[in-house]
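> Single-letter residue listing:
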Amino acid sequence: MADVEIDSECSNINQMILCRQKQVALLKTLMGEPSQPTCPSVFIYGHGATGKTLVVSTLLMTMSLPHAIVNCIECQSSRQLLVRILDQVANHEPRPENNYCSLNRCENMSVFVRLLKKTIEERGIQDQTVYIVLDKAERLRNMDANILPAFLNLSQLSGCNVCVVLLSQIVWEKFLFGFGSNFFEPFVMHFPDYTKNELLHIIAKDTPEGYSADFYSSYVNLLMSIFYMVCRDLNEIRHLAQLNFPKYVEPITKGEATERDSHKLWRHIEPHLKKALQTVYLREVTSEQWEKYQLGETSQQGLPSQPSSLSSRAQIELPFYSKYLLIAAYLASYNPARYDRRFFSKHHGKIKKSAVNRKKETSHQLLGPKAFPLDRLMAIFYSIVDSRVAPTANVFSQISSLVTLQLLAQVGHEDQLDTPKYKCTVSLEFIRSIARTVSFDVIRYLYDFVK
Amino acid sequence: MMPKRTRQDPTEGNSVIQKVQNILRSRVCRNEIPPTDIIEESLKVQRQHLLDLIYRCAVQGESNSALVTGPHGGGKTMLVSSVLEEIESDRNVRNNLLIVRLNGLLQTDDKIAIQEITRQLRLDNVVGDKVFGSFAENLAFLLEALKTGNREEAQSVLFVLEEFDLFAHHKNQTLLYNLFDICQSAQTPIAVIGITRRLDVVELLEKRVKSRFSHRRIHVFNTLNFPEYKEAFQRMLTLPSDLKDPKFVKRWNKDVEVLCGNATVHDVLKKTYQLDKSICGLQSLLLIPVCKVTEDHPEIEAVDFVESSKHIATDSKAAMLHGISVLQLCLVIAMKHLTDMYDGDAFNFEMLHNEYLKFMQRKAHVVQSFEKPVVLKAFEQLVALEIVKPVDGHGSRTQKEYRAMSLLVTSAQLTEVMNTYPGCPSELKHWASNPLPT
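As they're listed, the protein sequences go chains A and B.
Quick note on my numbering: the first sequence kicks off at 1289 and runs consecutively.
Quick note on my numbering: the second sequence kicks off at 171 and runs consecutively.
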């Protein structure tokens, strides 16, 4: 009788969660009967969207075991974390009726262990295993140093039958760092990534109405031929599949093709998907904008303009001198100081040709910006601005406001007033577009391009 | 009513298998003290030493302090709890001894520790299980209470400090100083027993604290040789004879004996022993096979152990690398070459992208080429997985493209991944083993 129940339960879970039979089975054997002792801590790792949280929470729900599931990102301090666990173990939920109050105040781990014991006794679940699931457990490393080791050994510390399940994307070895020797090995379990077929199998579950599952999976298969190289995340692929499906079936709804004209459908969708890779996947266009864009494209039938994307923020309106200051900062960052004379002074004498060393140098565009002192910035600034500029407070305040705009960055905080050093943190594209507005040729002044 | 009935359930209604599981699981899951004779056998001297010390404190009113040190999984906590169990069963001692248990992981500073001591001693500023008063008040009160007692009349107090080294990190080591100070002077008889894994723990103590400590050390080292280790393995699986179904127990124990003679099991045990000869390591090896015992599968087989040891030995980073996309794999290979090229120096994303482009120009027909933002997204996912790490913390002062990075994957791990990666393009494999000519 009991066996039949368990079997049906098991198949039920396997229907809800696809392609995770092995992990579900292993977890179930580890859990055993509710009254049996379990190992003190289990650590589950795997990539995002491999069903870690889903499997664990579904298992706990369907078997209706006492548990608490807490996401560590939501808890800024260890106090919040502990209070939430206690609330969930006690089946208490902060609601408007109880003024969003938690059941207990819990300042530290010592109190937590005492209260946990009390709560478990009050609910009368001493002889059941209580599961505490900590999602995104990598955040535990940033909390107090005693939290993680204490959770790993909670069953011994509290004397209750508790099993702590940690879920993370990061491997276990990285959790040991910094805790000295006071840790306890959990049982480590890996959730492997889904294979291509498994992904297809799972996504086929959300076939839209009116289409056959085969049709939908062949569509997803096409989609994956574009996206699979970059992205193996189930959630992302699923989202993209849903987003682009209306476009895929457009020829069918218009009556230009049937479900079996796979070649025609593919030709129709391919350029569209490639565009999606550059826009929606990078979130430069929101999904809503993308849907609107698709609709607009079908209605106008012409060549629609690209939806205005977020990356077009590359153009910023700046005051005239700020532009020159930024250009000067860029030149100072990416040119070695010893070539300043050559670029910016009128009579720089002979240029020594030291071709020997040239080849070994890595391009400055690759190495990134170097720091430069304020004097050098001002010197370059005066030399590239044609008109005479007085060094007024205005100019200097523009420099510091460029820093707050994060177009420049101050390096080293020691001497604020004396000789501050800066770095230019904008890209070449950006600076070129700025320079174009003041008709200044940056490339001619850049060492990497001139040498 | 309800809890009582359910608690009776496992003793009456359940089948033999479930009882067997209960017994074995509690052995493997580290929440049961093994019978005294086992500890007696391996840690006889240490146990006697500790027992004497506590007896002298409880009966003769002698103050003392000792440290139990030993590596992880050596049986320190087990030794102490077995001694405490024996002491508590002695009525003469029980009435004359209060036990205070503290843990460095829970009592992270002296204030919490003092509150906990007050609570456990049930002193008169405790109502229910809440303690009142400030830290200074509590400390003064506690010291007063401990100092007014004398050797003859007062009840002895035994302090057990687990994770003793963490107590040494408290500010000024006030708690340790006071405890050891009471130990040294003729006040209430107390015994302080510290449990720690650090062998150099005495060096952590301040000079004044160190001088008050008795320097009595009890070392618990793991001295099992392989035959003993194997015997421990057998003993862990053997069932006690007082179970309900003697026939089953007999058959089970015989099976276990056969299992120990098995060559495969021998190999697995040898391998585990060489990695980690503590009992904890053995317990984690046994965990899966023991949990797998069910009605349909009522005996443990050698295959289970092989599987379990494989599970323990998996390289988690290689397993994670298995799940990254082809583009990310390209990046990891490029990073490896960059690290080799610059003799382990840090690199940034621009250099990485440059290297990636070089590969793409040569073998563009094989692997689809992607735009820079897409590559950057793939790179950032790798950073989030901590496969690549920024060299200088999380400063937002440089752009993310120019932040210095270092790779946290060895070339052996990369080779392993290249071999197991599903549908890995052969050009990529070639590139992984041969860097591009410059």
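In case anyone wonders, no lab produced these hints; they're calculated from the structure.
Quick caveat, the model's predicted, so the values are computed rather than measured.
A few of these clues could be false.
Residues from chain A shown here face chain B by an in silico Cβ test under 10 Å; the list is partial [unchecked claim]:
id: 1; residue: 1319
id: 2; residue: 1434
id: 3; residue: 1489
id: 4; residue: 1492
id: 5; residue: 1609
All C-beta atoms in this analysis are idealised placements derived from N, C-alpha and C, irrespective of residue type, glycine included.
> State for each hint whether it applies.
Hints and how they fare:
Proximity of residue 1319 (chain A) to chain B holds as hinted, the smallest CB-CB distance being about 9 Å (cut-off 10 Å). Satisfaction of the interface hint for residue 1434 (chain A) is found here, the shortest Cβ-Cβ separation to chain B being roughly 5 Å, below the 10 Å cut-off. Interface restraint check for residue 1489 (chain A): the shortest CB-CB distance to chain B comes to about 16 Å, outside 10 Å, so the restraint is violated. Below 10 Å, beta-carbon pairs count as interface contacts, and residue 1492 (chain A) has none with chain B, the closest being about 20 Å; its hint is therefore violated.
Because the closest C-beta pair between residue 1609 (chain A) and chain B is about 24 Å apart, greater than 10 Å, the hint is violated.
When the structure is compared with the earlier hints, violations turn up for hints 3, 4 and 5 and for no others.
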